[in-house]
Amino acid sequence: MSTDHFPDPDMPDFSDIRLDGNVHEVPESVVVAYGLESASITPLATGSYNVHFRVDHRDERFDLRRSNRPSEPGNLNYEAEILNYLETSGFTLAPRIVRTKTGESNLWSSETGWTLFHWMGDGAPKGQPVVNSTRIKNASIVLAEIHSVGRDLVPDAARGDWPVFAQPSSDPTVWLRRAEALAERLGIEGDDLVNMAKISAAELASINFVELPEFMCHGDFRMRNLQFTGDDLTGVFDFDISMRASRLLDLGGAVTRFSPFGGDPRADPESGAEFLRNYHRQLPLSDYEIEVLPIFIRWRLLRDVVIYFDYWWLKVRDSATKLFDGVAEYLVNRAISH
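Position 222 of the sequence shown, counting from 1, maps to 299 under this note's numbering, and the rest follow consecutively.
Certain hints may be false.
[What the hints assert, rightly or not] Straight-line C-alpha distance at most 25 Å; calculated SDA-like pairs for lysine to any residue:
hint: 1; residue 1: Lys399; residue 2: Thr250
hint: 2; residue 1: Lys392; residue 2: Ile265
hint: 3; residue 1: Lys214; residue 2: Pro232
hint: 4; residue 1: Lys399; residue 2: Asn355
Hints are computed from structural coordinates only; laboratory data are not their basis.
All chains should be built: construct the whole structure from the sequences, respecting the hints.
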């Protein structure tokens, strides 16, 4: 994602962390809290919300993350509960937290959150990861496992208000206002976005969320957050926006992110259906979940555009148009036969 974001109407004080001149500095208080005075600390490539450092210390390697998410430290505590729960429940593919010398799961210092993880490997490959049938199957099985293991988890910590427009069960008018603000920034290029967003908001308002069971959802399940060794999935990253919601939040995104519709342009056009088919075999969807899933598929692609609030819309507009023209229903029908 580029650093050329529009000013964010819901987070006016937010700035891309990569534009901070001190982005690659680790405060002494953090070094001391984790006992890393003799460690070698090297900054790694970063996104707009988090900065990562490789830490080599006493023949061990760690991943130190500086977080730029709003609404912290609540978000850090929420994430820590999820990761600790997954670890104690036997899920081995998520990051494992290293506590501070005084036992905290994370460190909050000078309005910045810090978390130290055990090193899991080099992470997802740089560039556009390759999607193939075996990886799709393995990824769908792992997502089903995350949902199954975390189904009963209700964290004590509060996620915070960010992002208020990310939950499908939130007031759709809040999300629509944000979409309209982005469309205004885009000018004539935003006309289709407004029209589709209005349809999507009306569709969301029609859903009976009481009939949709909640799971602990990853929130950003895509190839760039998955580590493969060959075609075996060996790591799942970025649980920092995980939340309790309908699992269709994850599945709606998977349909586009594991296919040309917002994911790998080299992938088979029906790879999203393949992901759904494999997932459904592991953790079957209810009839009502299947019925409303196309709504989530359409909304999820627009939601990701609206969250980043920049020019990404111009790259996925054609895909969104197809999803609103019946492709979302086609993919669900191809994946799941009643």
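Consistency of the hints with the structure:
1. Lys399 / Thr250: holds (24 Å)
2. Lys392 / Ile265: Holds, at roughly 15 Å.
3. Lys214 / Pro232: Outside the cut-off at roughly 29 Å; violated.
4. Lys399 / Asn355: holds (23 Å)
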